[in-house]
Every structure is written in structure tokens, then in C-alpha cells.
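J.: Using the supplied hints, reconstruct the complex from the two chains, each of which is provided in its own coordinate frame.
Chains as they are written, first to last, in my numbering: chain Y, 1 to 397; chain S, 1001 to 1102.
No lab work stands behind these hints: they were computed from the structure. None of the hints are false.
Label-pair distances were calculated between CB atoms; the ranges are:
1. Y/A45 / S/L1067: 54 to 60 Å
2. Y/G209 / S/V1043: 31 to 37 Å
3. S/L1057 / Y/A45: 41 to 47 Å
Keep in mind it's a predicted model, so treat the numbers as computed, not measured. Where a beta carbon is used, it is the ideal one built from N, C-alpha and C, also for glycine.
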Amino acid sequence: MSKRVALEASHAVAEAVKMADADVIAAYPITPQTHIPERLAEMVANGELRASYIPVESEHSALSACLGAASIGARTFTTTAGQGLELMHEVVYAASSMRYPVVMVICNRALSAPLSVWGDHSDIMACRDTGWIQVFCENNQEAFDLTLWAFRVAEDSSVLFPVMVNLDGFTLSHVIEPVLLPEQSEVDSFLPKFKYPFALTPDRPMTHGAFGPPEIYSEAKVAQEVAFRKSGEVILKGWREFGDIFGRYYSPVELYKAEGAKTLLLTMGSLGTTAKMVIDEKRARGEDVGHISLRLWRPFPFKEFRQAMKGVETLIVFDRSISFGMGGAVYAELRSALYDEEERPKIVSIIGGLGGRDVSVEDFEYMIDRGREVAEGGTGRMLETVGIRGEMVGTKG
Amino acid sequence: MAQKKLKTAYDFTWRDMEVGNIITEAGNASLRRTGDWRSERPVVDMAKCKKCGLCWLYCPDGAIEMLDDGYYEPDLYYCKGCGICASECPANAITMVAEEEI
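If we strip away everything but chain S, and leave its shape as in the complex, we get (with noise of 0.2 Å):
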């Protein structure tokens, strides 16, 4: 199904914004790629996953997912690379890497 096409700030003039600059829109943060300006990105070593779920838990942008067998996987989408999920990784599963050596 083709998508419609996210306007972005470059198709608003002036009087296209709205009064105090609200968004009327509810959670439309869903829509847009949040996470293009992360400096490092999570890998999960599935190996050692304990499926134990903290990485989702402390997450503070709602950003791993869980997978249908059980395990966790961060969506890159939306993840700022905070480094929070590889801290808290109890079986220290999740590796820290800079995205320039992806």
C-alpha cells in the first residue's frame, strides 16, 4: 500500500503554523525517523540473552521490541543510542558500537 507522503518542516510556510506552534496531531513521533543521529547503536548478542526484558524496561524511548521467541531487539528506527539497555544488560549482552563502524 503506498504511504502518503510526511510533510516535513521544508513544506510549511508561516501561516501554516498553528497557534503556540502546537502539534494537533497526536503522536505523530511514530511517524518520523527520530533515531538518524545516533553516534552508536545497541548489538544484542543473542547468545548471551537471558530474555530477561530490563533492556525493554529501561528503554526511556520505547525503542526494543520484543520478538515472537522471546528475545529483545533494539528498533533503529527510533533509538538515540543512549548506551542505557548495554548498562543495564545484566548478562551484558548488548554492545555499545560506533555507527561509523557498521
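Excised from the complex, chain Y in its bound form (with noise of 0.2 Å):
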């Protein structure tokens, strides 16, 4: 039987790390991230968890940290935010490309300059291409429920690769709400006990981290690509597994009142929850409107994503940070994927939440019938800002 219990975000983080009985916490504290490390060392200290808390100096070092925890086979977490996840960078490469299965969960917070606390996606798009499979959370519920499905497809022998879970800044770390805690042996039954096969041991010695010269580097990465898309069937077995454990299934793509919906919002992370509130308010006035998540972003969810685009006519894409000189870069991979497929939605990019900037219920609401005229004027391409003072100039893509 779960408990209720009302927990902040970061809190049930911490208690699905607990519950995962992990081996190796090495973390710097950073606004919005604290209370994960926090708690989890509390719990270190006082005996809830068994665990090694390493306080480290810097990013860098808790990252790297967790990389030789896990060569030796510890079931290993970490977790930062904005600048933290940008000074630990180097090493971000590094865990997956050598195959540890780390989990870190990322409270999502704008970079610098100008210095924010606050929270976009700046941060996590600045690591789109790191080999990580990465996932969005939009609830304190989905905060609880990732992280523990994270190290379950992390440690997969099949999969090997790191996990970062993704939770909005403030918007979600800091909520309180309900949280489901599953009982002890339920979560034992859904996650066995890590056995890494490569383990350094010095009964059996090996090498991790050779360095690879031009005539093998290429075969490296080939094999890493083709190995970190294949986890696609493990991610989406973990999420039926859990499903039928704990009764809430996840999925890469998540649709909302979408059924025959001609216009579909897109949303990333926490601020879905608003967005749905605009969709009901329009669906209520008899609009064809939806709302889609992408819960997953890498491996990038090609067929799924291009399944739920059948019969939609406008699809309009909401990113939380820019690519400087490209624009919104989940809108760019959209429509990027979208591109051989026959039959396709126009897409229209608007970009907003900066470093923590409100979205409001009207601002959605404006984004959908801005949206929707723009496609309807004939072209899909725009890039606008929710709520930015000034007109908008030279930014046409």
C-alpha cells in the first residue's frame, strides 16, 4: 500500500534516492537544487540511508566522483543545477561515453549573464547532446516516480547509460504536494540490485578510459550512438514495468485532450500543468485544441512523436531557452523531425519562461490564438517571446 504524504519536489527526490538504497551521493549544494543534496545528506547522517555522502568542492568533482563510484559498480546519484551542470560539463561527456549509469536530477535554472537563480531549460539544451538519456518531470509525483525509473533503466545491462531527470526550478523543486511513497518492497521488486558487469575489481583487471586515436575514435562513437538509441526499448519497458507496479504509466510523448485536437500545444516540464488549464478552458468553449509533453528527449523519441502529428494541423511549440542565432531549439528538432514525413503540421515557435519569467494562464492562451493565426496567415515559421516588452525585430529564421 502507498502512503500520501505531502512532500516538496526535491524532498521526493531525495526519498526515491533513499528508496533506491543508492551506494554514492556526491553533491554540491546550488540554488534551485539545495534541498536535494540537503535531505539526502541528512539522511546520510542520521542512519535513514546507507550510503557514502561525499561532500565535494565543486561540480566537477561530484560528477567525477560518481564516475569512478559507479566503475567499481556502486549505484551512484548526483544532482545540480544552471551553472553547476555548466562547470561539471566536461565530465558530463565523459559518463556517458564510458558507460556508467549515473542518475542525476537536474533542478532546471537559467544561466548566465545575467546571474538568475530562476529557472528555463538553458541549462539542460546546453546538453542535448551528451549521450544522457533525459526526461522531463511536470508534477512532484512524475519527481518521485523518474528518479527511481531512472536507475532501473540506467543500470540495465542492455543500456549502460546515465540519466538525467529534469525538474523545473523552483516552479516544481520547491512545491509541495501530494506524493504516493510505494512501499519498501514494492520498489525492491521493481529495481534489483545493480550488477555491473565491467566492475574494476583487482582480482580481474581492466581498463576504463583508455584513450582512443583516430583509427578507432569514429567506431567508438558509432557503437555509442547505436547502443544509446536501442535504449529506447529498455526506457519504454521500464515505464510498462513501473506502470504495473505502482499503476501510473508513463510514456515519450504524452497527449492531452488531443483526440481530433487540428492545433497542439507543446510543452516541456512543469508548466504543461498551465498549459492544460488553458486547453480545458478552450476545449470547454468547444475549440479543437490539445496539449502535448515531451516527456522524453533523448534518445529522441522519432516514431513516437511522429504518431502523435497524424491530422494535426498547427503545431505550436513552447521552448524555455534560446539558441542563440537559431532560435527555439526544441521547436528546430521538431521540425526537423518532421521533415520527410508527408503529411505534417505547420509549426510555429514561441519562446518564454525566461530565467523564471511567469507564464500565465493568459500568456498560453495567447500563445495558442497567436499560434493558430500565424499558421492560418500561411506560414508556420515565427519566433516570438511570450511577453516581452518591445517589438520583436531581426530575428526571422
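T.: Below is the structure:
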């Protein structure tokens, strides 16, 4: 039996790490992620969780320590945000290329400058290409569920890739909501002990992290890409089995009131909840609009996304970061994913919620209306920043 | 005895890559000629050598061998030509010589 408790999303993550019985946690506190390592350090200090908590001197060290721990087969966890993820960046690539199944929760935060501790998706979009499995959470329950699920997928012997679980800084990380906490026995049946087939041990010496000269580097990278794409099967299996045990099912692409909808609004992360409120209102008024959420960002769910676009005339993509000189990163990728489709929607790009700027119900309503207006005008392309003061010029893509 | 032909990088397709490019065969560097990019080699003047063994101790690659008579000699199969032995030798018995001058 699950018990229903009020938990801050950050603490829900800590509960998941505890129930996953992590062996090593190495993290450096940074706003808005602080409550996660704080709670985990407390759990280790008071004996609730038997793990090594390594109070490292930086995020670069945090992930490096996790790599070392993972190399001997430890279940490892770290967490960071914004600038911290940037400082980690070098090791982020090493983790996935060396195939260490570290789980990292990112409380998404804007990047300097100007200095901002508030939320947007600039940090994670700078990590798109790092070869980590990347998922987004919309609420506290998902923060708990996906953290638990992340260990299961990462450590699967046919996957062995690290996983980033994204939750929006403050608008999710600091929110208190009811969360269903499962029984330990249920967690144990979902998450087996980590058995790393290449664990370093003096009994079986081997080399991790050898260098790769030009005559082997390409083969190494192609092998990584093929294996990474193949992890999609275990991702789906993990969600099916999670649903069978805990009763909550997840998908790479999630639709809300999308049945017969001609227009879909796409968001990632916690603002989906606000967007759905607007969909409810518009549906009640008889408008054929729905919502689509990208739960899985990497590996990109081509099949599921293209399937969801069947019959859709207009897709409005809401980006929470700017790829400078390009526009919305998510928009650009979705447009590319549909390029070879014979029937494809017009795609409109809207950017917003940068550096913690509130995105209101009215803003989402505007996005849908404006998106449809632009699409009806014949061109699907537009780059607009919702709520920006002053007319936007010089940003046509 | 005929030696088994060593695999080179060109024998590997991407399918042959181990997970995470891990090398599961321990110590296989000893099978490979790792000193072939050396630009200078240590040349020992045995007349000056006092058999103190400091070159053997300091060599970062374990590429100095002790001979049966107690003298020391660099193993050019592995030596990278860093020159630490020449720098450390208290008898100045080791000189670094450019490979093209050999």
C-alpha cells in the first residue's frame, strides 16, 4: 500500500534515492537544487540511508566522484542546476561515453549572464548532445517516479547509460504537493540490485578510459550512438513495468485532450500543468486544441512523436531557452523530425518563461491564438517571445 | 614459436567495441610497441655507469632493464624518450640523442 504524504518535489527526489538504496551520493549544493543534497546528507547522517555521501568541492568533482564510484559497481546519484551543470560539462560527456549509469536530477535553471537563479531550460539544452537519457517531470509525483525509474533503466545491462531527470527550478523543485510513496517491497521488486558487468576489481584487472586515436574514435562513437538509440526499448519496458507495479504509466510523448485536435500546444516540464488549464477552457468553448508533452527528450522519440502528429494541422512549440542564432532548440528539432513526413503540421515557435519569468494562463491562451493566426496566415514559421516588452525585430528564421 | 598476430585498431568494426571502450585484457600494452613515436633516445656510456639504478627507479614507464652484469639499459621497444633518466643520472652516463642522428 502506498502512503500519501505532502512532500516538496526536492524531498520526493531524496525519498526516491533513499528507497533506491543508493550507495554513493556526491553533490555540491546550488540553488535551486539545494534541498535535494541537503535532505540526502541528512538521511545519510541520521542513518536513514546507508550510503557514502561525498561533500565534494565542486560540481566537476561531484560527477567525477560518481564516475569513480560507478566504475566499481556502486549505485550512484548526483544532482545539480544551471551553472553547476555547466561546470560539470566535461565530465558529463565522459559519463555517457564510458557508459556509467549515474542518475542525476537537474533542477533546471537559467544560465548567466545576467545572473539568474530562476528556472528555464538553458542548462539542459546545453546538454542535449551529451548522450544522457533525458526526461522531464511535470509534478512532484513524477519527480519521485522518474528518479526511481531512472536507476532501473540506467543500470540495465543492455543500457548502461546515465540518466538526467529534469525538474523545473522553483516552479517544481520547491513546490509541496501530495505524493504517493510506495512500500519498500514494491520498490525492491521494481529495482533489482545493480550488477555492473565491468566493475573494477583487483581480481580482474582491466582498463577504463583508455585513449582513442583517430583510427578507433569513430568506431567508438558509432557504437555509442547505436547503443544509445537502442536504450529506447528498455526505457519503454521500464515504464510498462513501473506502471504494472505502481499503477502510473508514462510514455515518451504524452497527449492531453488531443483526440481530433487540429492544434496542439507542446511544452516540456512543469508548465504543462498551466497549459492544460488553458486547453480545458478552450475545449469547454468548443475549440479543437490539445496539449502534447515531450516526456522523453533523449533518445529522441521519433516514432511516437511522428505518430502523435498525424492529423494535426498546427503545432505550437513552447521553448524555455534560446539557441542563439537559431531560435527555439526544441522547435528546431521537432521541425527537423517531421521534415520527411508527407503530411506534417505547420510549426510555430514561441519562446518564454526565461530566467523564471511567470508564464500565465493568459500567456498560454495568447500562444495558442497567436500560433493559429500565424499558421492560418500561410507561414508556420515565427519566433516570438511571450510577454516580451518591445517589438521583436531581427529574429526571423 | 610462432606468435599470434596482434590485433590493431583496423581489425575492429564498431560492433567489436566493448561497452564504454573498456579494455578487458589486462596489461596488453606490454605486447605493443609503444615507443615508436620517440624523438630522442637515451644512449648509455657503460664506462661511466656506477650501477646505482636511479635511472631504473625514475623511469616513469618501467622501460629501463637491469642486465645480468648489474648495468642498466633502456628498452627501446617501450622508451618514450622523455629524458628523465639522463637528467637524473648522477654520473652523467646517459645522453639523449635525436633519433634521426642514430
